[in-house]
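Chemist: So the chains spell out like this:
There are 2 protein chains.
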Amino acid sequence: MSPAEVRALIRKEVITTNTSGMCAGYAQANLIVLPRDLAFDFLLFAQKNPYACPVLEVCEGRYTTEMADGADIARDSPRYRVYEYGEMTGEYRNVEHLWRDDLVSFLIGCSFSFEAELLEAGIPVRQIEEGRNVPMYITNIPCRPAGVFHGNTVVSMRPMTPAQAILAVSITADMPRVHGKPIHFGDPAEIGIADVMKPDFGDAVTIRPGEIPVFWPCGVTPQAALMAAKPPFAITHAPGHMFITDVKNSALKY
Amino acid sequence: MSPAEVRALIRKEVITTNTSGMCAGYAQANLIVLPRDLAFDFLLFAQKNPYACPVLEVCEGRYTTEMADGADIARDSPRYRVYEYGEMTGEYRNVEHLWRDDLVSFLIGCSFSFEAELLEAGIPVRQIEEGRNVPMYITNIPCRPAGVFHGNTVVSMRPMTPAQAILAVSITADMPRVHGKPIHFGDPAEIGIADVMKPDFGDAVTIRPGEIPVFWPCGVTPQAALMAAKPPFAITHAPGHMFITDVKNSALKY
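In order, the protein sequences belong to chains A and B. Residue numbering for the first sequence is 1 to 254, as defined by the numbering used here. Residue numbering for the second sequence is 1001 to 1254, as defined by the numbering used here.
Don't take each hint at face value.
[Said to hold, decoys possible] Each computed EDC-like pair below joins lysine to aspartate or glutamate, with the alpha-carbon atoms no more than 16 Å apart:
no.	chain 1	residue 1	chain 2	residue 2
1	B	Lys1048	A	Asp187
2	B	Lys1253	B	Glu1130
3	A	Lys253	A	Glu120
4	A	Lys248	A	Glu91
5	A	Lys181	B	Asp1174
6	B	Lys1048	A	Glu130
7	A	Lys48	B	Asp1174
8	A	Lys253	A	Glu117
9	A	Lys48	B	Glu1057
10	B	Lys1181	A	Asp174
[Unchecked claim] Covered by chain B, according to a simulated footprint, are these stretches of chain A (three or more residues, beta-carbon under 8 Å):
no.	region
11	37-44
12	238-248
For the record, the hints were derived by calculation from the structure and aren't laboratory data. All C-beta atoms, glycine included, are put in the ideal place defined by N, C-alpha and C.
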């Protein structure tokens, strides 16, 4: 099925699951929706931290125009979370009833896109092999703050051999709109990670002999900055329940 | 002299000329300063048109923190222009007397940076050879509008052989923060340019037999969008009188 067909089934609430593996080859995006009075600060936070927070589209209305043709931000992700002053106050299949004219939506690039390219190049992606969520860690690398938004960079980790890591750097360096190249490999302590087997988010994965952990900036970074900022109102996608775009992963290269 | 030393002399108004050729190897930037109530629209315009309007830094105060260490936006370019409702109302060596707490400054990447890399690779840059300003043209390619900002893409043109053009595409594709790869080569009419020998801005340059014109998105695009938006107040650098950063051109690669 095409992304438009899948979004139509999500809109009808026929599809309500997470979007993992759907529409292979097409980019899925993180979603953050904020009142307009916070939109400049958030866009500036993204501009200052472009690898952790790569903005694919900013929508000033309810419907997308660039990444998907007329998709409905309020209904086309399968599950949403609503936050008030940093506390989650609800999880919904659509947020039509909460929509307001002053909301600005941010679609943010997701590592699913570069993982597809890694797999294409024959680089195994451990958490996919093991059927888990990618391990994510809060580092000691501060983001550049902007207005109310601040926090440390969150990274995702994939173990691989040095030869695979070299190829992965080369591939992801060409994809800055979906986090780009790694920010570290090797000793986790160097970026403030005490125990690589105890991720702050997601699941631990096996690191085999001869493999090193490779760390990429992660889209949870802006979500963590959002939680720290505690705005009066915000909507995000629920974890794993992404917004599916009409744009192919391979088109997200500069 | 280092960029910091040159900026100190500009600040003292010892250096008052255009910055062409100063601090070889260091990036020079376009400057646009706007009241905060227009800053979101402008940053969004840049986000939607990243090659024409590649933002290097956004400063919410008078002093830079990223591209230059504590440089004074109000004094460290040698010449400024002030616009009110789209009309130029003054040209000044500094704008200290006009500074207001609500101003937000945008440093925008400049083609000087990629021209340095082209020259390094042995690709001649015609307008430098001929001692002229680069020819610039208003195309028929619309920018994605954002708020009050809209207009067509302005391009700069450099004539070269096909072999040079191929190398130039490859080099500039790696420099998206300073306009990136070309958007067209060959027939100027295809992008709405009636006569390549009559540029809308800058000077005509010689196109030799065997050469084709190659067109890059140009930093005049956001300036034209600014003029079209006619905001109550705006400051820009005067043409050629750029803001010199502490960042090397070679560091502007992703």
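Chemist: State for each hint whether it applies.
Modeler: Taking the hints in turn, this is what the structure says about them:
1. Between lysine 1048 of chain B and aspartate 187 of chain A the CA atoms are separated by roughly 38 Å; this puts the pair beyond 16 Å, and the hint is violated.
2. The hinted pair formed by lysine 1253 of chain B and glutamate 1130 of chain B fails the criterion: a straight-line CA distance of about 28 Å is larger than 16 Å.
3. Proposed proximity of lysine 253 of chain A and glutamate 120 of chain A is supported: the alpha carbons are some 15 Å apart, at most 16 Å.
4. Between the alpha carbons of lysine 248 of chain A and glutamate 91 of chain A the distance comes to roughly 29 Å, so the proposed pair goes past 16 Å and is violated.
5. Only pairs whose Cα atoms come within 16 Å are accepted, and lysine 181 of chain A paired with aspartate 1174 of chain B is accepted, the gap being roughly 14 Å.
6. A hinted pair counts as satisfied when its Cα atoms are at most 16 Å apart, and lysine 1048 of chain B with glutamate 130 of chain A does not qualify at roughly 38 Å.
7. As the CA atoms of lysine 48 of chain A and aspartate 1174 of chain B are separated by approximately 19 Å, the hinted pair breaks the 16 Å bound.
8. Restraint check for lysine 253 of chain A and glutamate 117 of chain A: the C-alpha separation of about 11 Å stays at or below 16 Å, so the hint holds.
9. Between lysine 48 of chain A and glutamate 1057 of chain B the alpha-carbon distance is near 8 Å, which keeps this suggested pair within the 16 Å criterion.
10. The straight-line distance between the Cα atoms of lysine 1181 of chain B and aspartate 174 of chain A is roughly 14 Å, inside the 16 Å bound, and the hint therefore holds.
11. Closer than 8 Å: that is the beta-carbon criterion, and the region 37-44 of chain A has 4 residues meeting it against chain B, so the requirement of 3 holds.
12. Residue count for the region 238-248 of chain A with a Cβ under 8 Å from a Cβ of chain B: 0. That is fewer than the three needed, and the coverage hint is violated.
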